[in-house]
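*Asks:* The listed protein sequences correspond, in order, to chains G and S.
Under this note's numbering, the first residue of the first sequence carries the number 1, and numbering increases by one thereafter.
Under this note's numbering, the first residue of the second sequence carries the number 1001, and numbering increases by one thereafter.
One or more of the hints may lead you astray.
[Claimed, not checked] Under 8 Å between C-beta atoms, here's a sample of chain S residues computed to sit facing chain G: (1) 1222; (2) 1226; (3) 1275; (4) 1331; (5) 1333; (6) 1334; (7) 1338; (8) 1343; (9) 1344.
Note that these hints are calculated values from the structure, not bench results.
Positions of the beta carbon are idealized from the N, C-alpha and C atoms, including for glycine.
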Amino acid sequence: MQYLSEFRDKRITSHLIEKIRCLVTRPWKLMEICGGQTHSLVKNGILDMLPPEIIMVHGPGCPVCVTGVKVIDEALYLAAMPDVILCSFGDMLRVPGSTSSLLEAKARGADVRILYSPLEALEIARANPGKEIVFFAVGFETTAPANALSVMQAKHLGLTNYSILSSHVLVPPAMEAILQDEETDIDGFLAAGHVCTIMGLEEYYPIVEKYRKPIVVTGFEPIDLLEGIYMCVSQLESGEYRLENQYARNVSREGNTAAIKTIRQVFAVGDRDWRGIGTIPQSGYELNESFSEFDARRKFHIAIREVFENPLCMSGLILKGLKKPVDCPCFDKSCKPEHPLGAPMVSSEGACSAYYHFTAGQTAGFEHQTNIADGEKRF
Amino acid sequence: MEKNGFKMFCPVESYSGEVILLGHGSGGTLTAKLLNDYVFSAFGNEFLDKKHDGAIFQANGRMAFSTDSYVVSPIFFPGGNIGDLAVNGTINDLAMCGAMPKYLSLSFILEEGLPIEEFTCVIQSIRQAAIEAGVSIITGDTKVVEKGKGDRIFINTSGLGEVHPAADIDVNRIKTGDRIIINGNIASHGISVMSLREGLEFETSIVSDTTNLNYLIFDLLEAFGSDVKLLRDPTRGGVSSVLNEIAGQLQTEILIDQRSLPIAEEVESACEMLGLDPLYIANEGLFICFIAEPSAEAALEFIRRDPKGKNAALIGRVGGAVGKGRVVMESRIGGKRIINSLPGEQLPRIC
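Use the sequences and the hints to build the structure in full.
*Replies:* Written out as structure tokens, the structure is:
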């Protein structure tokens, strides 16, 4: 497959692993921000191929995982309303709210539809004038442009039966929240290549300067990840901290300016509740005043009183990189994809899901990094 | 008839406008007319022509018996429809027992309002698939449910076949070192069906791999007899589900190599785009064969000579780690990971 298989070439990955091995002199703890990167690391068996000194901890970049329980409850509330068609990306459907998931709501008869793009929701809105179409607009900066565009088009077309339930989250404030956590001991970051493809690099320079940690914007294929790790470790070994761009084939310094413009036209930055982490100031997008008529929360006066988040789920510690999925006593026991306690077990980018699917966790005794406390790696 | 740019092939004349009515399932004259006009005329044989409640026939030696229900949506997809799927699926289940299928039963549950034209298209596909596989449809049933109580058409087929005298298909005969062969590219059927589903429509030339495997399996058993330890068709749940089931039954490790897994480039690209793992996607014209190591290379060459096995590959082997019923895959870059079985449906991902 062109543009993919080249980045999965065993000769090059072996060479990169060897280069990392030669370079490293002491343990380093690196966080890959994006859940897509976590999955690629686990799916390709990279964690077990790295020298034992390199400890990868998994970051908060799974939009499904960090979506608060309250927002899932709001989506469930809307889905239960007569004449509402709730449209969502596929992997939100299994995420547990306080009492159930959208998949269960669908099974009970709610009209919940899986879409790939919010623009398809506009088509549904046009075809069903008697129904209210709500798009569950979750995601990081990557999904924000298309979601913003759907609202702009709805306004342009005069569609009054379309709205979005926005739960957009932003990467830089989350990185800062992690860096400000007293328990955090991360040495360097692999920033999320797709997010930076949209937003560019500017937001990351101040973080590098403030916290004096290297950040390498990194892609998702095995060669990308290994090169990103190599670049980050190179900086650490020579006592440097810079912003570097491994994913230059996609990421430019200014980002996708048209996409950024679209986002800014439609959204305003506001505080956001992150599942398991809590409220992070200025870490999410809400519709701004000019598009408030497309805000499902305003349109339907959603009343969610109390939410229930399973206290046994340690998703917050996992999303901050303080724990690994296998450190959780519930992992692969009371928490499985069929009956998840939290979102990381069911999201396609969730760290728990990656460990469950690709390593079978500790229960099968498959060898992988488990102990991050002392930098030990077991084989 | 055209849907999503994909032309449905229907060899029969058009019955435009006519639809299935509840009365077609009443057992009265409408039922008789439906059966005479469309069913008996398509499948007529000495058993069916007796129009009895069941078929009476002679059986010899070891027999295999299998049943399956077909509810695929949409009912027409690139490369096939629910009709040929319903024949090939049950035929292949029998073939996986080492049997040559002989007789099929055929039951329809039709939804009120189904256009007769679509019903006749399905019937013709069933007829064609049955002729190609050399089986006779010797008994059947037709029911009609109210609109909204079904999804256009559901089909159940059951089949009987004679087991090849040299066949000794038994999971417990599998030993460490046995090799695993697959006869073709994975994931084509699932992706072809998915390409038409609402919300996922994408333009593609990927077609379902639905086909009968009984002749190829018969020839394989003729040539390699009991060296063929186990045959399974990786339909629903894909290759990973079959391998996990076997690893679980044997409580031993199955090792596969990602680089050797045959997959068409277009299918692989679609999987990348949709965020789906091809190992979990359904196939309808594939079998996985566990074969004794000494015969493995020769069997692979043998299968490759058949058009239905031209992309066949040795994908792995039975490992020695006893007590660990799991499937381990070596990735393209040499890393190892577990292939778990699928917990529910694969859902397309967010980005």
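*Asks:* If you take the shortest Cβ to Cβ gap from residue 1343 (chain S) to chain G, is it below 8 Å?
*Replies:* Nearest chain G Cβ about 4 Å off; hint holds.
*Asks:* Can we keep the residue 1333 (chain S) interface hint, with Cβ of chain G closer than 8 Å?
*Replies:* Because about 4 Å separates residue 1333 (chain S) from the closest Cβ in chain G, which is inside the 8 Å limit, the hint holds.
*Asks:* Would you settle whether the hint for residue 1338 (chain S) is holds or violated, based on the nearest Cβ-Cβ distance to chain G being less than 8 Å?
*Replies:* Since chain G brings a Cβ to about 4 Å from residue 1338 (chain S), closer than 8 Å, the hint holds.
*Asks:* Against chain G, is residue 1331 (chain S) within 8 Å by beta-carbon distance?
*Replies:* holds, 4 Å
*Asks:* Just to be careful: measuring from the Cβ of residue 1344 (chain S) to every Cβ in chain G, is the smallest value less than 8 Å?
*Replies:* For residue 1344 (chain S), the interface hint holds, since the closest Cβ of chain G sits about 6 Å away, which is under 8 Å.
*Asks:* Regarding the hint that residue 1275 (chain S) lies at the interface with chain G, is the smallest CB-CB distance below 8 Å?
*Replies:* Check passed: Cβ of residue 1275 (chain S) comes within 6 Å of chain G, closer than 8 Å.
*Asks:* Double-check residue 1334 (chain S) for me: the hint is only fine if its C-beta lies closer than 8 Å to a C-beta in chain G.
*Replies:* It holds, given that the least Cβ distance between residue 1334 (chain S) and chain G is near 6 Å, below 8 Å.
*Asks:* With chain G as the partner, please determine if residue 1222 (chain S) meets the hint condition of a C-beta pair closer than 8 Å.
*Replies:* violated, 38 Å
*Asks:* Quick check on residue 1226 (chain S) please, does its C-beta sit within 8 Å of some C-beta on chain G?
*Replies:* With a closest approach of 32 Å, the residue 1226 (chain S) hint is violated.
Hints 1 and 2, counting from the list given before, are not met by this structure.
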